[in-house]
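Chemist: Sequence:
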Amino acid sequence: DIDDTDGGGPENITLGQCEDNRLYRVGVHYFNDHGYGPAFATVSMFVDGVLRAQVANKRMPGTDSFWDVASISSNGAISIIDDTTPWW
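Residue numbers for the sequence shown follow the working numbering, so the first one is 1 and each next one is one higher.
These are calculated hints, taken from the structure and not from any lab test.
Where is the CB? At the ideal position from N, CA and C, for every residue including glycine.
Treat the hints loosely; a few may be bogus.
Here are the in silico distance ranges between beta carbons for each label pair [stated by the list, open to error]:
| # | residue 1 | residue 2 | range |
| --- | --- | --- | --- |
| 1 | G49 | G9 | 16 to 22 angstroms |
| 2 | A77 | Y36 | 33 to 39 angstroms |
| 3 | D6 | N75 | 34 to 40 angstroms |
| 4 | R25 | N57 | 17 to 23 angstroms |
| 5 | R52 | D20 | 24 to 30 angstroms |
| 6 | D20 | D64 | 31 to 37 angstroms |
| 7 | R52 | D1 | 14 to 20 angstroms |
| 8 | G76 | T5 | 29 to 35 angstroms |
| 9 | P61 | P10 | 16 to 22 angstroms |
| 10 | D33 | I81 | 18 to 24 angstroms |
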């Protein structure tokens with residue numbers, strides 16, 4: 001819904017209707033640090049308008065780092081993954 005291009009945040013992604021028996025992944029790609037280096041990201045996950053999980057202040061090392069945050073099943077169950085890797 002909202003793509004943050006200046007680093008001030010927030011970004012917002014909404015999935016209106018989930019498909020049955022699907023697993024959805026939530027991730028953050030630190031596309032470009034513009035020379036500023038590490039940043040800290042927070043992801044809040046809502047199901048049917050209710051905050052169900054939040055992972056706060058994850059250190060993103062710099063350009064092209066990727067944070068594999070969580071998976072969300074079509075029934076709304078959330079599993080935190082919390083793994084940061086380089087984006088290749």
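Chemist: Any hints this thing doesn't respect? Which numbers, in order?
Modeler: Number 5 only.
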